[in-house]
Each structure stands twice: as structure tokens, then as C-alpha cells.
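Here the protein sequences line up with chains A, B and C, keeping their order. Going left to right, the first sequence walks through residues 79 to 183 as the working numbering numbers them. Going left to right, the second sequence walks through residues 3 to 172 as the working numbering numbers them. Going left to right, the third sequence walks through residues 71 to 478 as the working numbering numbers them.
Just so you know, the hints here were simulated from the structure itself, not pulled from any lab data. Take every hint as true, because none was put in to throw you off.
Label-pair distances were calculated between CB atoms; the ranges are:
#, chain 1, residue 1, chain 2, residue 2, range
1, B, Leu156, C, Val83, 45 to 55 angstroms
2, C, Ala145, B, Ser54, 46 to 56 angstroms
3, B, Arg82, A, Glu176, 11 to 21 angstroms
4, C, Val101, B, Ile164, 43 to 53 angstroms
5, B, Phe98, C, Ile81, 51 to 61 angstroms
6, C, Ile156, B, Arg90, 30 to 40 angstroms
7, B, Leu156, C, Ala387, 19 to 29 angstroms
8, C, Arg379, B, Arg82, 28 to 38 angstroms
9, B, Leu147, C, Glu428, 33 to 43 angstroms
10, A, Glu176, B, Ile8, 41 to 51 angstroms
11, B, Arg82, C, Ala410, 51 to 61 angstroms
Beta carbons are placed, not taken as given, at the ideal position from N, Cα and C, and that holds for glycine.
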Amino acid sequence: MVPLWMYLAVAAALFSIGVFGVLARRNAVAILMSVELMLNAVNINLVAFWRYSETGTDLLLNGYVFTAFVLIVAAAEAAVGLAIIITVYRNRRSVVPEEARALKG
Amino acid sequence: MELNAISIGFVVFTVFTLGGALGVVATRNLFQGTIWLMVSLFGVAGYFVLLSAPFLAAVQILVYIGAIAILITFAVMLTRSIALIKARYIRTLPNFIASLTLFLILLLGVTIPIFGPHSPESIPEYVASTRDLGAALVDENGYVLPFLLASVLLTAAMIGAIFIARDETT
Amino acid sequence: MEELCTGLCSILVESGAEAGLALFLSLLVGVLLVSGVPLITVILLIWIERKVAARIQDRIGPNRVGPVGLLQTIADMIKLLSKEDITPTAADRILYNAAPLVSFASVVLLWAVIPFTPFHYGVDLEIGALYFVAIASFGTLAIMAAGWASNNKYALLGAFRVVALLVSYEVPLVFALLVPVLLAGSMSLVDIVNAQNGMWFVVLSPLAFVIFYISSQAETGRAPFDLIEAESELVAGFNIEYSGMKFGMFFAAEFLHVFTNGIIMAILFFGGWMGPLYYESPLIAFVWLGAKGGLIYLTTLWLRNTVPRLRIDQIMAFNWKFLVPLSIANLIVVSFVLKALQELELAPRDLLNAGFGELLPTTAILLLFNGAMIFYLLGILRKRGREARRESQAARAEFAQTAHVGGH
Chain A
79 MVPLWMYLAV AAALFSIGVF GVLARRNAVA ILMSVELMLN AVNINLVAFW RYSETGTDLL
139 LNGYVFTAFV LIVAAAEAAV GLAIIITVYR NRRSVVPEEA RALKG
Chain B
3 MELNAISIGF VVFTVFTLGG ALGVVATRNL FQGTIWLMVS LFGVAGYFVL LSAPFLAAVQ
63 ILVYIGAIAI LITFAVMLTR SIALIKARYI RTLPNFIASL TLFLILLLGV TIPIFGPHSP
123 ESIPEYVAST RDLGAALVDE NGYVLPFLLA SVLLTAAMIG AIFIARDETT
Chain C
71 MEELCTGLCS ILVESGAEAG LALFLSLLVG VLLVSGVPLI TVILLIWIER KVAARIQDRI
131 GPNRVGPVGL LQTIADMIKL LSKEDITPTA ADRILYNAAP LVSFASVVLL WAVIPFTPFH
191 YGVDLEIGAL YFVAIASFGT LAIMAAGWAS NNKYALLGAF RVVALLVSYE VPLVFALLVP
251 VLLAGSMSLV DIVNAQNGMW FVVLSPLAFV IFYISSQAET GRAPFDLIEA ESELVAGFNI
311 EYSGMKFGMF FAAEFLHVFT NGIIMAILFF GGWMGPLYYE SPLIAFVWLG AKGGLIYLTT
371 LWLRNTVPRL RIDQIMAFNW KFLVPLSIAN LIVVSFVLKA LQELELAPRD LLNAGFGELL
431 PTTAILLLFN GAMIFYLLGI LRKRGREARR ESQAARAEFA QTAHVGGH
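So that you can see chain A by itself, here it is in the shape it has in the complex (with noise of 0.2 angstroms):
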């Protein structure tokens, strides 16, 4: 069997990539790309932590519903941000969020 801290340890490598993505690259679309690595990456925890908690003979099925929900404000998130982004590049001819900055005072 894999111990649970493995699962962790990968979801803690790929949630520090995706927080790298976010905090580094320009480009709006990848930085959308690098926050569903984060989101991924919790969910990989709590699928784990269900998988590996124990609980007798009551089903406890909140990580698993709590993952699916995840998954479906990733797809809301996703379709709504690049929404935003491709307004913003047609307005501004720019996917860099830096300089869509026409509310600053």
C-alpha cells in the first residue's frame, strides 16, 4: 500500500508548482492554467484523506462530494475567467494582468 504522507507530498510538489505558475508567469491564460494545478492538487488531498480515514461503520462520504464540488467550480472558474480574459484582450489587446489596470486611481 502507498502511506497517505506520499499522496500529500506530491499534492504539496504540485500545489508549490501551481503557486510558482501564479505568482510568476505573465500571461493570464497560463496563470488560470496554474491556479487548476492548485485546485488539483487539494483535491488529491482530500480524496486521500477520505480514501485513508477511517469510519467505521457510518459512510462519510464528505471528502469525495467535497472533491466533486471542487471539480465543479473549477469548470464554473475556468469558463467564467477566460470569459474575463478575452474581454479584457479585446479591449486592451493585452493578456498580461499588470496592465489591465483602468479602475486604478
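Take the given structure of chain A and dock chains B and C to it, following the hints.
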């Protein structure tokens, strides 16, 4: 960790997941980045299979490869300014150090049992099936309210995305 | 590990083989069989397709290589393999070469869950129907990758066209797929076939079958939805840069996908291996499945060779304004009626063990509701058709009048 189908699968899917993730942050070409993202998320789906959640694995592939990959590809094509951005990264070194530190802290947290007992020695024998998940999602003592709210969220996101991305000139 | 070792594996262990080796060998044989069936079928399928198309078009079709042209496909394969394998200079090498493989694999992988007989299938996943939809989405990504990696604007435009079509028609496909899942109360394909012991699902919900049939025809890019690769009007589409066997892979994937869809429809709606004497021998069960799948496959060929092509806006309008609302309405009606019947004790709670007699009231009422929906739809279609005809007649009359005035 003894050598069996699950541990081999774990290693393979780790290569997929982390290799794909590195590809996403490293590649200059965003279309290749999308493919790398899909490789990575395919690895995550593999983990779900290993953790006996096949439903999540199938949904993962369906949602990410079937929908989000296509969506990102279209966005990449519609915003063709890859050549306009000279630098791939901003503040590369501090960001790299920050995320490396984060990784080391998280690794310390999951390997050294400072916050409580160490990880369990065995996997529980009984595992909830897809049928249990389906029943829990529509059970009034279960998750029926979050389930309905999620559908509202999806509808709102769909309407919002169409409204935002609509070109008003046409 | 022990529970995996059945059938051939246990025979090997009894004859003195090591347990791990026996398991590996039996799994290898299973994998080879499951993937070998589609690979061998596709050779035959191409011949059948060409023969049927030729007969419909009043030609003879392939008849030179081998008896009645049976070996034509093998000759074509040798030709494709011996052709020069061209990769455009500016192409993305890895993606360009991987795309045909992924495209073909996405079809072959579907065969892993197809139950050939009650006892012979690759694997009985509890999420079989979802697996079918998930794996099919690999094909979409492969087409996108092929179009982009070719570094050709026509290939890219072609890929966009295909992907827009595939993504759109996946929606009614999934909604129609949910009806058998709902009726059987399970996503496992083996359970779905077993649940049709009393009555085929095509009788319970013919509308779901029609929607599934139309959308799978679109998913495979066949007429009347073959705009994605309209040979007679456009350059090839997303696979324009491909040559040799790489083109052959896309080609074979498409042919195999049509047949696979036929088999899937036989499983979901026509009772799979169910038929007289199926429990006598696995071979009879297998023949029943093949015959049903083959018949559905032949009707798709018939459709392909006899209907004209639709414009892209017509394809999209038909999907989003007609097929999607219809499939959602059908799903809602079927689920409500089934639940109401179960509450009224008219339908069995569990279709899995229900006999023919028990299902008669359910069948009659579900069929009644489906018939009412079809009747209503035909009314709408007739009205729309009449309006369209009147408009075109008016336009023609106006044109004739102006031409007449201009002539003088």
C-alpha cells in the same frame, strides 16, 4: 512500499502529474502548456483510480480534457499575443524561492507528525461506491442543498461567461 | 490479487505456472483479445463501407484484390505504409505524431468496457457509461492537437470546425445516454444489458435512441454532419498535412468509431447480447451483439450515402435549438413518469430482475408519453417546414418578377 500494481501506478501517475505541472509553468508556448496541463490532470485522475474513486476519475477526465482543455485552447487561439510578451516570468528568483520554501514547509508538515498522529497504517477495507455518492447527493440529510447550489452556480457561471464574452458590436 | 486470477489464469496455475506470471499472461491474452477484435474488425469494416457505398451509388466497388475485393484494405494499408512519411518543417513534432495515435486509441479504449457476452468483457466498470463519454473526449483533444500541430491555417480552421461540432453534439448525446442509465439504475454496461432482460430500452424510450443515434452520427462526423471533412467541397480539414499511415490512423479511427457506436447503441438500447438461446453458449450471445451492432452500423452507412450535407449554421441551430431542449425534456419526462409509476406500484423498483409481464404497464405508459412527444415534435417540424417552403417560394417569385422587369 512493496512492489505491486498500485505502487507502480503511483510512480507512473506521479511522473505524469508533476512532469505535466512543470511543463505548464515552464513552456513558452501556451498551446503546449494546455497539453501539459492535460497530462498533469490525467495523472491526478490516475490517483483517483488508485484511491478507489473511479467516478471522480471519469468526471475529472470529462470535465478537464473534454471541456476545460477545449475552452483554454479557444482562449489561447483568440488571444494570440504570445509573441507580444517578451519575458515569460516576472520576479523569477524571489517567486521561485517563495514557492520552494512553501513546498519544503508543506513537505515537513506531511512527513513529520508535529500536528498530531502520523498517517494511518492501513486503508479501510470498505469503500463507498458511486451508488453511495449518488444517494448522498440527493439525501435531505446529506448534500442536497450544496448540490442544488452547485447547479445554480454552474448556470450563473454559464450565463455570466456568455454575457461577459459577448461582442456588443455584433 | 487472488480474485483477479480466474479463467485462463487459474488453469495456468493448476498446470504449475507461477501465480504472478500466470496472472500477467492471462491479462496479456485478455488485452490482446479485447484490442485485437476492433483492430481486425476495422480491416473488414472499410471493405464493407466501400462495398455498401458503391452499391447505393450503383457502382461495383472494390473487386480486384482477392475474392470480391476482400483484400483491398490490406493492399491499401501496404500502400499507405510504403508512402513517404512527411512532417511539415514548422510542425510541432511530438504533438503532430502523437495526435493520430491518441485519436485511434480513444476509439480502441472504448472496447475495454464493451460486454461481448454475459461472461466475456474487458472490465465491468461501475461507471461504464461515464467512461464511454470520458474516453470519447480524448478524440476531441487529439483533433485539436492535430490541427494546431500541423502549423497550417486550413488545418487549424478545420480543427476548430470539428471541435465546435463535437462539443455541441456531446450535450444531447450525454442526455440521451442518461435515459438507459436511469432505467437500469446503473452506469455499468453489464447491468444495463441485464436490465433489458424484460424489455429493450428502445421500446421504453424510442426518443432517447433517436437522439443518441443522431448525435453519435454527428460525433463521428458522418453525413448529414460531415461538414468537418467535406471531401467534395473543402480541403481535407484538420488532417490536411497528414500523409501515409498517420492519415490512415485518423481514417481507421473514424471507421471504427462508427462501428463502435453501433455496438454501444446495441448495448444501451437493443439489449446487447440478449436474444433467443443466448444463455446456451457465449458464441450465440456474441453473434446476437454483433448482428444488432452490425445492423445499426448498416443503417448509418445507408444514411451517410443518401442524405445531403447541412451548412454549419444549420448543424448548430439544429443541435442547440432542437436536439438539446428535446433531450432534456425527454430525460425529465422519462424520469418523472418512471418515478410516478414506481410510486403507484405499476412499475418494478428494480428493472434488473423484472420479467416481460411485469414491465408491460411501464412499457405501455412510457411509450405513450414518448409517442405524444414525437407526435408534437412532428407537428412543429411540419409547421416549420411549411413556413420555410413558403418563404423560399416567395423569394423565388420576387426574383422571377425582378428578372422579368429587368429583361424588358
